[in-house]
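Visitor: Single-letter residue listing:
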Amino acid sequence: MTAEAIVLATTAALFALGAAGVLLRRNPVAVLMAVEIMLNAANLLIVLGGRVRGEVLGQAIALIVLVIAAAEAVIGLGLALALYRDQVMADVDETREVRG
Amino acid sequence: MDALLVPLIVGCAVALVSALGVILARRPVHGAVALLIHSLSIVALYLLLAADLIAFGQLLIYSGAIVVLFLFVVALLPAGGIERAATSSRIIAALVGGGALLLALGAVLSVQLPAPAPQPATGVAPIGRALLEPLVVPFELTAPLLLVAIIGAVTIWRRQEVER
Amino acid sequence: MSALLPWTWVLTLPGLVLTAAGVGRRPGIASIWGPLVMLLAALAWFATGAVPGDVVIPNWAPFLPDGSLHLRADALAALMLAILGFVSFFVYVYSLSYMEGDPGQRRFFCYLDFFVAAMALLVLGGTLGVLLVGWAGVGLASFLLISFWRDRPGTLRAGLDALAANMLGDAALLLAAVIVPSGCGDLTTLGTPRCTAGLGGAALLAWLLLIAAAAKSAQGPLYFWIPTAMAGPTPVSALIHAATMVAAGVYLLVRTHAVLELAPGVMLVTAWLGTLTMLGGGIVSLFQRNFKRGLAYSTISQLGYMFAAAGLAAPFASIFHLFTHAFFKALLFLAAGVAIHATGGEEDLARLGGLRRRLPVSFGTFLVGALALIGFPATSGGFSKDAIIDAGLRENPLIGYLLLAGALVTGLYIGRLLFGVYFGPERTHPHHEPALQVWPLVPLAIMAVVAGYFEWPGGGLSRALTPVLGAIEPLRAFSATGLAAAVLGLAGIGLSWPIVQSAPGATPAEVGTGWADALGQAGYSLSRGLAGLQTGLLTRYALASLLGVAVILLLAARL
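Residue numbers (our numbering), protein chains in the order written: chain A, 1 to 100; chain B, 1 to 164; chain C, 1 to 559.
Everything labelled a hint here was simulated from the structure, so no lab data went into it.
Hints are supplied without guarantee of correctness; some may be wrong.
Across the chosen pairs, the derived CB separations fall in these ranges [what the hints assert, rightly or not]:
1) C:470 / B:137: 52 to 62 Å
2) C:530 / B:86: 26 to 36 Å
3) B:50 / C:552: 27 to 37 Å
Negatives, chain A to chain C, calculated, CB over 12 Å [said to hold, decoys possible]:
4) 4
5) 6
6) 9
7) 55
8) 74
9) 81
10) 85
Far from chain C, some chain B residues (derived; all Cβ distances over 10 Å) [as the list claims (entries may be wrong)]:
11) 24
12) 27
13) 29
14) 37
15) 40
16) 75
17) 88
18) 117
19) 134
20) 138
21) 151
22) 155
Note that the Cβ used here is the ideal one computed from N, Cα and C, for glycine as well.
This is chain A alone, in the form it adopts within the complex (with noise of 0.2 Å):
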């Protein structure tokens, strides 16, 4: 097991951890937070990439990666409080606005 496949396996795992708890909460700060994991798995996978490929495009590219994650993050969390429109619990299934 060399030490890439490893870390290979545990972007896989993470990914598939961040899935879950986008899918598990109710909270909407907790399911962002869950997203920011898959996030971070990504980012772990393009640097092995670059690493294995000798690149440093690897890293370059990653810190971009890095970039999007905050304005991510600053909107989603702008969002995540919005939802909390005078009440006291925000439930992401309550929000039926995104409704067909």
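Please build the complex by placing chains B and C on the supplied structure of chain A, with the hints as guidance.
Guide: Just chains B and C now, with coordinates in the frame of chain A:
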């Protein structure tokens, strides 16, 4: 690489456990702390993969800004952000979704990884060059992206204020 | 036989003279033998080895670069003569009864004789000059026959409309004959580099040929004269405006396919002209209140198929469809004529109905013709239409799919006519079917089914035409596209039933509540059902998208 195998396994383990902590924590505050630990473990993994710049980027940007942002927001949540218990259908959905993805990713990623190629000179200069040559467009676009994010966040909050 | 066939165009002239002179108990009896002999001559030619024969009389028309009287009998000409002889013989017999009692009956048969002679000359023409004489001759005959009933209003105008369109075609063809370099009049050498080196090159020549053909075959904007041409007697509509004269345009394109193939831009225009005319003609047919006009637009639509095939570099498919179409379209018109004649000249769909009980043979044959028209498998129309759709899917898939979709429109309009006239309540009481009008329908119906078997299996027709048309794609019978076209055609017929049910002579525009509403209701419930998927439950959306990602990843791993 063998010498670093043990720290690597430890780092991966911490990452996995803290991720579990994030998704299973009942109170978002605990989840946010778990996220912080998770992020730091990723930093460790980056360092072990000889990706120094991105490790520090993760440390400063992610752990230092994004997770802190999460902590602030969690602090602002009324009643600490409690939520109803997960119904059984949600648990099943989570297991199904997570399991399916694990399977799929396993299928895709079960490639025979070649031995790591000799690493080029690390340091900021090669990464900077990569950012400015092949990745110049995404690099330039991150600026408007952040601008849009800021404006978006402010707009969402202004709507909130108006409604109140 | 090869020396005699080029002269078969004179065969109806004795009949013309005899009928004009009043010979025979019934006017026209003397004339019916001309087409029969023509048919037998063509068949004998095929039977005795199909040896091409030429007759050349030089310097016959000095104003043309190649002014020789050149008659050429080859497989294509013989095929056209066979079609002409067969269909016109039965139209003549039919007319013995249909025109009975008409004061102009003798004049009618004389005009028909003239037409057949001109048409035969057209197909036997070895040079553009001779073809042009035949071309103009059939145009004149068409005018005379459309405006046959001088006492009825509008017939003269209709004849002049036809003449106008024909004039345009004649001008184009004359111009084509003039710009060809001297010594190049022979149609078989028209595609060679020497002969397309004249003014404008191959492209101009191809354009002129296309315009001439489109005028004769009522394609595109030049369609206008055919609907009004229905003012003529129904046998005329059957013979001239369905089976033969309008097919002359297609014949021209097939005969000069070598020139067309040198001008790919013109080919593309031809293919699109045919396709759009096919669709347009079919759709407009749905809105006709007149039985014969409905069939007239059908002719325009089917000619569109033939033009499309010519533009898709499939001249054999084009001529094959011309062959089968001649039989089933003449059949449809003659059967319609029986119904019109039996109801005392009633052509309005709103006043026709339920005729199948009293006119069983014409109903049966109309049904056969309708099935051949939609391309029902194993009918002649099935084979030929499939050949064209196959050519389309091969050369230009967009056109191919449009041609396939045309099968649905075809089913719709012919179903509307079939159900509207032969089913439902009897609105105008018909007389019985006269025998002389009815028994010619039977051989035409037989040919409408059987004509395809000249080609499949065995490739007899394509083998015969290979010397003229070059290598020919083998026919794929009973293919998936063929079945799809047949299903679409049957679906169209099925869907036409509600149109017919709503009101006598109804067009799709008038099918108010019921049809349109049912369609709208179906659409609404479908969209409501789909909207049910939009639950607003974010978790459901997330699960769906994550599972989708998993599927995509698994598929990627397979590759």
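Visitor: Are the hints correct? Go through all of them and say.
Guide: Structure-based check of all given hints:
1. A C-beta distance of roughly 54 Å is found between residue 470 of chain C and residue 137 of chain B, which places it inside the suggested range of 52 to 62 Å.
2. At roughly 29 Å, the beta carbons of residue 530 of chain C and residue 86 of chain B sit within the given window of 26 to 36 Å.
3. Between residue 50 of chain B and residue 552 of chain C the Cβ separation comes to about 32 Å, which falls inside the hinted range of 27 to 37 Å.
4. Residue placement check: residue 4 of chain A keeps its beta carbon more than 12 Å from all beta carbons of chain C (closest about 19 Å).
5. The claim that residue 6 of chain A lies off the interface holds: its Cβ sits roughly 20 Å from the closest Cβ of chain C, which is beyond the 12 Å cut-off.
6. Non-interface call for residue 9 of chain A relative to chain C: holds, since the shortest CB-CB distance, roughly 15 Å, exceeds 12 Å.
7. The claim that residue 55 of chain A lies off the interface holds: its Cβ sits roughly 22 Å from the closest Cβ of chain C, which is beyond the 12 Å cut-off.
8. Residue 74 of chain A, annotated as away from the interface, keeps every beta carbon of chain C farther than 12 Å; the closest lies near 20 Å.
9. With a least beta-carbon separation of about 16 Å from chain C, residue 81 of chain A lies farther than 12 Å from that chain, consistent with its non-interface assignment.
10. The Cβ of residue 85 of chain A lies farther than 12 Å from every Cβ of chain C, with a closest approach of about 16 Å, so its non-interface assignment holds.
11. Its beta-carbon lying about 17 Å from the closest one in chain C, residue 24 of chain B satisfies the requirement of being farther than 10 Å from that chain.
12. Taking the minimum C-beta to C-beta distance to chain C, about 20 Å, the non-interface status of residue 27 of chain B holds against the 10 Å cut.
13. For residue 29 of chain B, the requirement that its beta carbon stay farther than 10 Å from each beta carbon of chain C is met, with the minimum near 23 Å.
14. With a closest Cβ-Cβ approach of about 25 Å to chain C, residue 37 of chain B is found to remain outside the 10 Å limit, as its non-interface label requires.
15. Residue-level check passed: residue 40 of chain B sits 27 Å from the nearest beta carbon of chain C, beyond 10 Å.
16. For residue 75 of chain B, the requirement that its beta carbon stay farther than 10 Å from each beta carbon of chain C is met, with the minimum near 24 Å.
17. Every CB of chain C lies more than 10 Å from the CB of residue 88 of chain B, the least distance being 13 Å, so the non-interface label holds.
18. With 10 Å as the threshold on Cβ separation, the claim that residue 117 of chain B sits away from chain C holds: the shortest Cβ distance comes to roughly 24 Å.
19. With a closest Cβ-Cβ approach of about 24 Å to chain C, residue 134 of chain B is found to remain outside the 10 Å limit, as its non-interface label requires.
20. For residue 138 of chain B, the requirement that its beta carbon stay farther than 10 Å from each beta carbon of chain C is met, with the minimum near 22 Å.
21. Residue 151 of chain B, annotated as away from the interface, keeps every beta carbon of chain C farther than 10 Å; the closest lies near 24 Å.
22. Annotated as non-interface, residue 155 of chain B keeps its C-beta farther than 10 Å from every C-beta of chain C; the closest such distance is 21 Å.
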